[in-house]
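K.L.:
Fit chain B to the known structure of chain A by using the hints.
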Amino acid sequence: MTAAIEVRDLVKTYGDTRAVDGLSFSVEEGEVFAILGPNGAGKSTTVEILEGHRPRTGGDVTVLGVDPGSAGSGFRDRLGIVLQSAGIDRELTVREVLEYYRTAYSRPRDVNELIELVELGEKADDRVGTLSGGQQRRVDLALGLVGDPDLIFLDEPTTGFDPAARRRSWDLIRNLTSLGRTIVLTTHYLDEAETLADRVAVLAGGRIVAEGTPSALRESLGEGTRISFELPAVDEPLNALLDPLRGTSRGRDRRIEITTDAPTADLAHITAWATSRGIELAGLQVTSTELEDVYLDLVGEDA
Amino acid sequence: MRRNVRLLVHQVRAQNRFFWRVPVGAFFTLILPILMLVLFVALFGNDLDFDGPAGASVSAAQFYTPALAVFAVGSATYTNIAINLSTRREDGILRRVRGTPLPPWIYMAGAILSSVWIALVSAAIMVTLGVIAYDVNIELAKVPAMIVTFAVGSATFATLGVALAGVARSASSASALANATILPMAFISNIFIDLGADPPRWLRVTADVLPLKYFGVAFSEAMNPWSDAPAFVPDRLGVMALWLVVGALIARWRFRWDPIPGSTGCSARRGRRSAS
Chain A
0 MTAAIEVRDL VKTYGDTRAV DGLSFSVEEG EVFAILGPNG AGKSTTVEIL
50 EGHRPRTGGD VTVLGVDPGS AGSGFRDRLG IVLQSAGIDR ELTVREVLEY
100 YRTAYSRPRD VNELIELVEL GEKADDRVGT LSGGQQRRVD LALGLVGDPD
150 LIFLDEPTTG FDPAARRRSW DLIRNLTSLG RTIVLTTHYL DEAETLADRV
200 AVLAGGRIVA EGTPSALRES LGEGTRISFE LPAVDEPLNA LLDPLRGTSR
250 GRDRRIEITT DAPTADLAHI TAWATSRGIE LAGLQVTSTE LEDVYLDLVG
300 EDA
Chain B
0 MRRNVRLLVH QVRAQNRFFW RVPVGAFFTL ILPILMLVLF VALFGNDLDF
50 DGPAGASVSA AQFYTPALAV FAVGSATYTN IAINLSTRRE DGILRRVRGT
100 PLPPWIYMAG AILSSVWIAL VSAAIMVTLG VIAYDVNIEL AKVPAMIVTF
150 AVGSATFATL GVALAGVARS ASSASALANA TILPMAFISN IFIDLGADPP
200 RWLRVTADVL PLKYFGVAFS EAMNPWSDAP AFVPDRLGVM ALWLVVGALI
250 ARWRFRWDPI PGSTGCSARR GRRSAS
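These protein sequences, in sequence, are chains A and B. Every letter in the first sequence is one number past the one before it in numbering that gives the first Met the number 0, and letter 173, counting from 1, is 172. Every letter in the second sequence is one number past the one before it in numbering that gives the first Met the number 0, and letter 22, counting from 1, is 21.
None of these hints come from the bench; they were simulated from the model. What you are looking at is a predicted structure, and each value in this text was computed from that prediction instead of being measured. Some hints here could point you the wrong way.
What the hints assert, rightly or not - Short derived list, chain A residues pointing at chain B, Cβ under 8 Å:
#: 1; residue: T16
#: 2; residue: A18
#: 3; residue: E50
#: 4; residue: D76
#: 5; residue: L82
#: 6; residue: S84
#: 7; residue: D88
#: 8; residue: E90
#: 9; residue: Y99
#: 10; residue: Y100
#: 11; residue: A103
#: 12; residue: Y104
Note that CB positions come from ideal geometry on N, CA and C, so glycine has one too.
Excised from the complex, chain A in its bound form:
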């Protein structure tokens, strides 16, 4: 496989702020790559540099074999960009908008086919301004595909969607991946990255804090079991309870949370400690940690 995108030591500064602080990653052809991170992590800046919309401060970037900073219309001919912030001419119908933009490309896709693909058949002759937000986003998506691109950038494709619309969009995007196109996706939804991406890079403060397949991320980040219960009302220090545990414990909102790889042993110790003192542990729970927790730990946000 060859790399569709190659990024080395990418830096972007605005004044004294380092919005992107030394990113390196590569995306293979045909891969779905998710850039996951909270708002302000540097996702949009990174993608805009890859698209050739924004100059970089330093580092090497190669996209589809060329430097996007100096690439011309031949480069954009192979690109599909679905931007959250790009508007559509509201006075035109869905069909007219697609007809209008397709002329710019050297190998445009069939308009009817596209309308089918994004399931807007019934709205094809309605003006874009009269469509719902979700329908307009599907027009966005169709416009991103109108040039039959080799590489597609999806900028937060389901932000602001209701759950049903999200599922539908995910199906649609999975459809694209089966066509063998390379897709770069930015999102701040963990489940979205997990559902759609072959590989995820977690971005925080302009740096990659973790990278890998969704399942590898789970493993490497110490997925385990979480035991939690309310702080017991006892007159002694909790050392006798906490010190022998194999997992790590912390207090949070008047609860004690223990994340552990040895849930059976730790649970036995905790219950032994409590029964020997005749205490009932209120709100005792044993759950497996979600990728969500791992992610929130990584980007330094409390849920």
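P.N.:
Structure of chain B alone, referenced to chain A:
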């Protein structure tokens, strides 16, 4: 090259369609100046009360037809382009265009040429109405002067429209700025009223610096029954061309394709459109 021509033709036609899709905008651009012609002639009568360009008296219709044709060209180019480009920038449409392989200059040329075409339609309706309804003078020998004046004038005001879209931070400020500049300029440039031989000095000096007066004078001269064919006024056209260069420099310096952070609608892109 042939591909570019094809793309350009497609752009002009598409942008024309955008124009007709917003009937309010089309009304203001095309009908309002014509309405003004009818009203002014009705109000002032059609006697020989107005100062023609060469100092001779002309009828109200002879004064207003070329003047309002020039005003119609100004609003079809300057006002329309400034509002359209800044609205599309604010809505993120220009950003989308930049992400396609369409060369930016073709998009820009399409916007300019389509508004020049609308300006041409508007001016043609005005002149035709003047000739048919009010017996306004038009001579075949002076038609080339009319055409050249139109070409230079529409190019100048279209370029100034792009420049204004570059200076304005939002669509609503572009709309306000366009009207706040072209309307007072029309009042002091013998477009809406005949200032006579002796207007206040500061008004005359201001009008002399700005391009609209020269556009009006050159076009009136080409239609003036007392002027000699071919009725070219190169110095007036030269001043306009100077403004064209100034506008082009400002546009080049200031025009941006990306939405300006902090301008209204840049994040909430849908559901809003300023009247043009």
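K.L.:
The structure should be examined with respect to each hint, and the outcome stated for every one.
P.N.:
Here is how each hint holds up against the structure:
1. T16: Result: violated, 14 Å to nearest chain B Cβ.
2. A18: Hint on A18 of chain A: violated, closest Cβ of chain B at ~14 Å, above 8 Å.
3. E50: Constraint on E50 of chain A satisfied, holds at 6 Å.
4. D76: 4 Å, holds
5. L82: 7 Å, holds
6. S84: Hint on S84 of chain A: holds, closest Cβ of chain B at ~5 Å, below 8 Å.
7. D88: 6 Å, holds
8. E90: 4 Å, holds
9. Y99: Holds, because the Cβ-Cβ distance from Y99 of chain A to chain B comes to roughly 5 Å (cut-off 8 Å).
10. Y100: Given a least distance of 6 Å, the restraint on Y100 of chain A holds.
11. A103: 4 Å, holds
12. Y104: 6 Å, holds
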